[in-house]
Amino acid sequence: MKALAYQGPKHVEVVTKPDPRIEHPGDAIVRVTRAAICGSDLHLYHGLVPDTRVGHTFGHEVTGVVQEVGRAVTTLRPGDRVVVPFNISCGSCFFCERGLTASCDRTNPNSQIVGGVYGYSHLTGGYDGGQAEYLRVPFADAGPFKIPDDMDDDSVLFLSDILPTGYQAAEMGEIKANEIVAVFGCGPVGLFAAKSAWLMGAGRVIAIDSVDYRLQFARRFARVETVDYTQVDDVVAHLREMTDGRGPDVCIDAVGLEASGSLMHKALGVTMLQAGAANVLQWAIGAVRKAGNVSIIGVYGPPWNLVPIGVAMNKGLTLRGAQCSVRRYMPHLLEHIRAGRIDAKAVISHRLPLDDAAKGYHMFANKQDDCLKCVLLPNGGAA
Amino acid sequence: MSPDPASGIDQDPARRPGVPAEKPPHSQPHARNVAQVRQDGRPTDAGQARTPVFGTAQPPRGLSGRLRSAAYAIPEHYARHWLLLILADRVDVLEHRVRRRPGMAVAAGAGALLGAVALARALGRR
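Chain order of the listed sequences is A and B.
Sequential numbering of the first sequence, starting at 1, is according to the numbering used here.
Sequential numbering of the second sequence, starting at 1001, is according to the numbering used here.
In isolation and in its complexed conformation, chain A is listed as follows:
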């Protein structure tokens, strides 16, 4: 099959690889119809995720058609259309029983930090991902969600990751009625976090970014107030001024380790071999009101991250962060999509054949051509 393969930092190619095969009785093989490029894929692309091996296939946002099932699979049959959560989860361990499928104990032998993830380096188990023609799906009865016949793949693709991720980000902020929410980052996760903040009853939602086309889209799609942090002297002070001097009630970090905007963090990120820059988290902790909530959904990696934990402690903040446990959100968010409350596919800006994946990564990483979300079509389909 054809598949994207990592060759080194900022270098991916489409190569020919053996088709995946059933390796455990609960596996299924899915023929991929849609595979999105995620903002967190850029951390892999830039070589910032430990144990990213040459030849690895990225891709954890996938819809497809079941091609083959292992002998222990009972709920899926060849021909079923599915959207696959980015978490690989068993459904029956200590964590899955509590709904925390991102922390599954049975799918990642390489780390205690997180459960298995498709196409996200050997740190998360070493599973090749879905930016390919076919994908091996372990524990196929526990993870994949059947796509209703009345829904198209584009409409449900983002149930795999970014929509539940944005929703969980807002949920972790424990938003109460009429609270003021600041969302750092106007990428797709930030946009869905902003939308979700409204669903949870926020009174004001303010989105912060530096890229003009993303700020414009955020105003249209999520109906938020926006701040271009490159146009203000001090984004923390600016947010306080916007909120009567108190600061937002909730700050959501939807950027993560590849934040720009701080020379100090960038320099230290290189010299201290930190996993990127934590300046957005610093802004969030600085801007939020005392006794407020900071929700961290942007991805950070080990080993070090400069975080003002002393400030957080003294202000009495609640910090919550997590990888999204996608499975528990899928039915609820499907209904929001079906009812028209969330137009998930509106964030798609580019559809490309798999052969153009390298071009897609370059465009997405450099924010060219107003790129917001790039979806690959490994087996053809409407472009």
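Check before you lean on any hint, since a few could be wrong.
[As the list claims (entries may be wrong)] Partner residues are not named here, just some residues of chain B that face chain A (Cβ under 10 angstroms, in silico):
1) Ile1009
2) Asp1010
3) Glu1076
4) Trp1082
5) Leu1084
6) Arg1090
7) Ala1116
It should be emphasised that the hints constitute simulated quantities derived from the structure, not laboratory data.
Note that the Cβ used here is the ideal one computed from N, Cα and C, for glycine as well.
Based on these hints, arrange chain B on the given structure of chain A.
Quick look at chain B alone, frame taken from chain A:
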């Protein structure tokens, strides 16, 4: 007034799927407590005990593979575990480039050797 027409529909925490953060333990639909382990007792390529399912892509090889094995022998709550993995990533890329273009690797090696000899002679003259 909120500009979003669906504002507040999930205001009640009871409507939010992730509240509370941990649900009371219950079996997920269609999950089964089946041991799907290859009972051969061997560790994974990363040197860890096998989980019921595991990835088999890109087994470690070469110098980078040895560095990865060394990294996985260090508990992950030590920074050197991660630093060694990052070093292995960089070595992996170099090894890959040498495999793809062995001629260039030989030329680069020869050039480095000549440069080292020239530098040693220059320092020796001083």
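Task: Numbers of the earlier hints that this structure fails to satisfy, in rising order - done: 7
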